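K.L.:
Here are the chains, one letter per residue:
There are 2 protein chains.
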Amino acid sequence: MEPLGWLDYPPELSDAEEQYLLSNLKDWSIAHGLAVRPAPSFIQPSQDPSGVLASTAPVTLFPSLFPRSCFEEGLAIQKAYNELYSAIARDEKWLQSIVEELIDIDDFVAKLWQTHLAVRKQGGYVQDISLGLFRSDYMVHKDPAQSDPTPGLKQVEFNTIASSFGGLSSQVSALHKYLLAIDAYPSSTASLIKAGSLRQSLSASLLAEGLATAHKAYGNSKTSRPLCVLFIVQDAERNVFDQRHLEYALLEGNGVRTFRLPFGETMSHTKLDADQTLVYTPPSSPSSSFEVTTVYFRAGYAPDDYPNEEDWAARLHLEKSKAIKCPSILTQLAGCKKVQQVLATPHSPHLQRFLPDSEVAARVLATFAPIYPLDDSEAGKEARKLATDPTSASRYVLKPQREGGGNNIYRKAIPPFLQKLPETHWPAYILMEMIEPPPLSNAILRNGELQRGGVICELGVYGVCLWRDGSSADAKGEVMENFEAGYLLRTKGDQSEEGGVAAGFGAVDSCCLVDE
Amino acid sequence: MEPLGWLDYPPELSDAEEQYLLSNLKDWSIAHGLAVRPAPSFIQPSQDPSGVLASTAPVTLFPSLFPRSCFEEGLAIQKAYNELYSAIARDEKWLQSIVEELIDIDDFVAKLWQTHLAVRKQGGYVQDISLGLFRSDYMVHKDPAQSDPTPGLKQVEFNTIASSFGGLSSQVSALHKYLLAIDAYPSSTASLIKAGSLRQSLSASLLAEGLATAHKAYGNSKTSRPLCVLFIVQDAERNVFDQRHLEYALLEGNGVRTFRLPFGETMSHTKLDADQTLVYTPPSSPSSSFEVTTVYFRAGYAPDDYPNEEDWAARLHLEKSKAIKCPSILTQLAGCKKVQQVLATPHSPHLQRFLPDSEVAARVLATFAPIYPLDDSEAGKEARKLATDPTSASRYVLKPQREGGGNNIYRKAIPPFLQKLPETHWPAYILMEMIEPPPLSNAILRNGELQRGGVICELGVYGVCLWRDGSSADAKGEVMENFEAGYLLRTKGDQSEEGGVAAGFGAVDSCCLVDE
Chain H
47 MEPLGWLDYP
57 PELSDAEEQY
67 LLSNLKDWSI
77 AHGLAVRPAP
87 SFIQPSQDPS
97 GVLASTAPVT
107 LFPSLFPRSC
117 FEEGLAIQKA
127 YNELYSAIAR
137 DEKWLQSIVE
147 ELIDIDDFVA
157 KLWQTHLAVR
167 KQGGYVQDIS
177 LGLFRSDYMV
187 HKDPAQSDPT
197 PGLKQVEFNT
207 IASSFGGLSS
217 QVSALHKYLL
227 AIDAYPSSTA
237 SLIKAGSLRQ
247 SLSASLLAEG
257 LATAHKAYGN
267 SKTSRPLCVL
277 FIVQDAERNV
287 FDQRHLEYAL
297 LEGNGVRTFR
307 LPFGETMSHT
317 KLDADQTLVY
327 TPPSSPSSSF
337 EVTTVYFRAG
347 YAPDDYPNEE
357 DWAARLHLEK
367 SKAIKCPSIL
377 TQLAGCKKVQ
387 QVLATPHSPH
397 LQRFLPDSEV
407 AARVLATFAP
417 IYPLDDSEAG
427 KEARKLATDP
437 TSASRYVLKP
447 QREGGGNNIY
457 RKAIPPFLQK
467 LPETHWPAYI
477 LMEMIEPPPL
487 SNAILRNGEL
497 QRGGVICELG
507 VYGVCLWRDG
517 SSADAKGEVM
527 ENFEAGYLLR
537 TKGDQSEEGG
547 VAAGFGAVDS
557 CCLVDE
Chain R
47 MEPLGWLDYP
57 PELSDAEEQY
67 LLSNLKDWSI
77 AHGLAVRPAP
87 SFIQPSQDPS
97 GVLASTAPVT
107 LFPSLFPRSC
117 FEEGLAIQKA
127 YNELYSAIAR
137 DEKWLQSIVE
147 ELIDIDDFVA
157 KLWQTHLAVR
167 KQGGYVQDIS
177 LGLFRSDYMV
187 HKDPAQSDPT
197 PGLKQVEFNT
207 IASSFGGLSS
217 QVSALHKYLL
227 AIDAYPSSTA
237 SLIKAGSLRQ
247 SLSASLLAEG
257 LATAHKAYGN
267 SKTSRPLCVL
277 FIVQDAERNV
287 FDQRHLEYAL
297 LEGNGVRTFR
307 LPFGETMSHT
317 KLDADQTLVY
327 TPPSSPSSSF
337 EVTTVYFRAG
347 YAPDDYPNEE
357 DWAARLHLEK
367 SKAIKCPSIL
377 TQLAGCKKVQ
387 QVLATPHSPH
397 LQRFLPDSEV
407 AARVLATFAP
417 IYPLDDSEAG
427 KEARKLATDP
437 TSASRYVLKP
447 QREGGGNNIY
457 RKAIPPFLQK
467 LPETHWPAYI
477 LMEMIEPPPL
487 SNAILRNGEL
497 QRGGVICELG
507 VYGVCLWRDG
517 SSADAKGEVM
527 ENFEAGYLLR
537 TKGDQSEEGG
547 VAAGFGAVDS
557 CCLVDE
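Read top to bottom, the protein sequences are chains H and R. Just so you know, the working numbering puts 254 at position 208 of the first sequence, and the rest follows in order with no gaps. Just so you know, the working numbering puts 128 at position 82 of the second sequence, and the rest follows in order with no gaps.
It is worth saying that the hints were derived from the structure and are not from the lab. Since the model is a prediction, treat every value here as computed from it, not as a measurement. It is possible that part of the hints are untrue.
Copies of one chain are not kept apart here, so a pair can be met inside one copy or by any two copies together.
Keeping only pairs whose Cα atoms sit at most 30 Å apart, straight-line, the calculated DSS-like set for lysine-lysine is [as the list claims (entries may be wrong)]:
{"no.": "1", "residue 1": "Lys268", "residue 2": "Lys240"}
{"no.": "2", "residue 1": "Lys125", "residue 2": "Lys368"}
{"no.": "3", "residue 1": "Lys262", "residue 2": "Lys223"}
{"no.": "4", "residue 1": "Lys167", "residue 2": "Lys368"}
{"no.": "5", "residue 1": "Lys240", "residue 2": "Lys262"}
{"no.": "6", "residue 1": "Lys366", "residue 2": "Lys466"}
{"no.": "7", "residue 1": "Lys522", "residue 2": "Lys458"}
{"no.": "8", "residue 1": "Lys427", "residue 2": "Lys125"}
{"no.": "9", "residue 1": "Lys167", "residue 2": "Lys317"}
This is chain H alone, in the form it adopts within the complex (with noise of 0.2 Å):
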């Protein structure tokens, strides 16, 4: 039988194997908690009052093929980007100065500085510590300039609050481990899917050691409290069971003690001591109450969190006590859209001052797809040029600079729409180079459904870091744990050039990695 190549991976399957696959897949992931809640599209509310129904999560039938030079490269430079983020997130001057580009567009960036400043206003920060639990996010890049091209990553964005699915991904690369070693998947991927083209990802684990790491670092109570790392989440969470599973680990593997605190019921359940010790009282013992040494952020991370003052209120609250915040506001701002975009402008400064060490830069730098701003300085005019000819135009997407993303125009459709917009407005857009993943092809099941056709990856890296704040602002502060945290390959159907099926996340992935 020929091997199969990556244009006719994954194979067809007959009834017989489809069915197999799936009946195991099936019981697999319920067996594992690699579950969701189901969404209301599938079962109402109504039909499940209690919400004791779960279903299989979003997954991929087979792991996506994947550059093993680009798998590793990815998670060879986390610990840069753990040293650059938490650098940037460390010097509050040059935060400063990119927020303020930002105030006036977007009220979000606006909100989370003015409650930087509160804390500064009310007393300052009494934690000198912050975790930063990120994940880098990538696609396969393959120049479509060059005939032979060499496939490389570059960086969709970098996640520095909330990073998500690392519960799940562990356990979506044991799945199709699993689905290998019972022969679900046909001999004629046998070249492809393989031991040793498998990869297990420990993310859930280690990102249990990170926050571990951040509650041990805290040190003990000072009122011999018993000791408490809070999940800060949404109300009804569907992806609970991802969350649940950096509990379990913190728990079995730490010995760690975790409670979840829906966001809006933060200043019900919670104060704050003279010190600023936070104290959360659970409400199912309110005799009781616990010394928080890490708030953990799965809620707060977009304006949707915060319908009320009130939230404000809870956000600045968490942010001015003792606790180690996973992040802190000024890492959080860190990730902000802005951040990468000037750190990606050709002939930009800014790596070089996070990151001395200039062999270190240059990899991370590889992994920078070029942003352009469109106004006048000398990247500008390079971007003027390149936007409004047709040819090069075609390997670029124009953005708005507001977080947030949409209204994107693409390619050919850039040089007619900028020669419709007067020539003052267009800093307010950026021009990026397009990213051009290899086709792919998958399947996913979705709520019970089969999808089949085009996909496209994004291959996330975990990291953990933890760093000490400097005592002023000149100084630089210490990394004290530094350390990659696993990966995420999270897949969708690529029918739209926004990129996604309808709804929703897509699927979680593993990777079947490929020498090229």
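The hints should help you fit chain R onto chain H, whose structure is shown.
P.N.:
Showing chain R alone in chain H's frame:
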């Protein structure tokens, strides 16, 4: 705070306590495969045609109180029970005498026996090794005739085929330990629910070890085919995760491959080689074949599994094969109620026949609830006296001899019932001493509904026994492996004397041991 006694356990929960306990229970159960496919009365199959939904398995919120001495005695005598029932299964002549009394009144027993005879006619058994994964079920009995009775275990039944819930039992005992670890049980329970009181059931891994022992004892393939264990299952199994946990433990802990084969498809996917080697061809891979070392029946235990004559042919086909059966037909027959009855008849000589060590036999005997025939024997005469006197009758239940149960007559209703029944019909019934469990309460989560109140608990103790038949009818054979394999606590509402809430199997539970 006053420590809780048996009668006020479990305590009432405040709304917040209940919410905390339930939300943690519901998430943990799905994350750890303590799950079932939803009942059709809960979610219509048309809503989930591809079968991706699952729900929390019916579980108790609290571990039920259980006398420590009874628990330890149940586990301690399991090896004797394994020895007893494997000896019965090896004693074909004795079994024949039992079966002959049933053949006219029980079609199912008759068919099993005919299938056994057909094997004998068609060349006989080619595999002299048998595996039993047994479960001995008990209730706690407190003799109401005594003023301060010592609790003892009384056997409800002994299962020799398809003993279920070993997979979920490991998970529910881990769940209750988790709930204790996160303080989900109110502090009023602290003197009862504590680390030393909760017992982790290792049933999943130990039953898998039992299957692995048989797999290994089978030896190598003569045809260099890969080996496997075949799970013979029912077609639409809601309790599939219970079975899957054994499969996963077999693969991960023992490196043993398993396949699931619906009983009705046996003849389509298996064949016998000339030397009766059982060969399985997975429908998903028609060009491959596996040699079956062990046939594990999770179907075929009840008449409903044999709707057509072809199903009996399939059982014969498997029974004739070289694969080790778990269980063989003779082992299955050893589990019929009549066997329990003749062993438990006062002054019965049978127990001594199979357990020559009188000390061991006495411990086993102490767990029998006396069972009397209503015939002309000595025991029968005693029984007629007990059954017709309203005072003594109130401690008994009258049951039809027929396999299958139902139509039991309880306590004071026995004398008037017998009065109306012609004496020639009396031998169709047996008189059994009622087991009098202490009053207990618990709360059960089932299909999303919370039920509270009085419950009855059944302790099941699993046993693994692998043996070799004797070479002639006289030879005793040889026990190759014999171990206790964890426990199950199964709890149901006490609403009816027949036992159990309206439908289904109650809930899985774990033991909170109490010193009396």
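K.L.:
Evaluate each hint against the coordinates.
P.N.:
Going through the hints against the structure:
1. Taking the shortest alpha-carbon separations for Lys268 and Lys240, only the inter-copy value of 28 Å comes in at or below 30 Å, while the best intra-copy value is 53 Å.
2. For the identical chains of this complex, Lys125 and Lys368 are intra-copy neighbours only, at 27 Å inside a copy versus 58 Å across copies, given an alpha-carbon limit of 30 Å.
3. With identical chains, the CA atoms of Lys262 and Lys223 are at most 30 Å apart between copies only, with a shortest distance of 24 Å across copies and 34 Å within one.
4. In this assembly of identical chains, Lys167 and Lys368 lie within 30 Å of each other by CA distance solely inside one copy; the values are 16 Å within and 82 Å between copies.
5. In this homomeric assembly, Lys240 and Lys262 come within 30 Å of each other (Cα to Cα) only across copies, at 26 Å, whereas the closest approach inside a single copy is 39 Å.
6. Taking identical chains as interchangeable, the C-alpha atoms of Lys366 and Lys466 are never at most 30 Å apart, the minima being 48 Å within one chain and 84 Å between chains.
7. In this homomeric assembly, Lys522 and Lys458 never come within 30 Å of each other (Cα to Cα): the closest approach is 45 Å inside a single copy and 87 Å across copies.
8. Taking the closest pair of Cα atoms, Lys427 and Lys125 never come within 30 Å of each other, the shortest separation being 34 Å inside a single copy and 86 Å across copies.
9. For a Cα distance limit of 30 Å, the shortest separation of Lys167 from Lys317 inside one copy, 19 Å, qualifies, whereas the shortest one across copies, 81 Å, does not.
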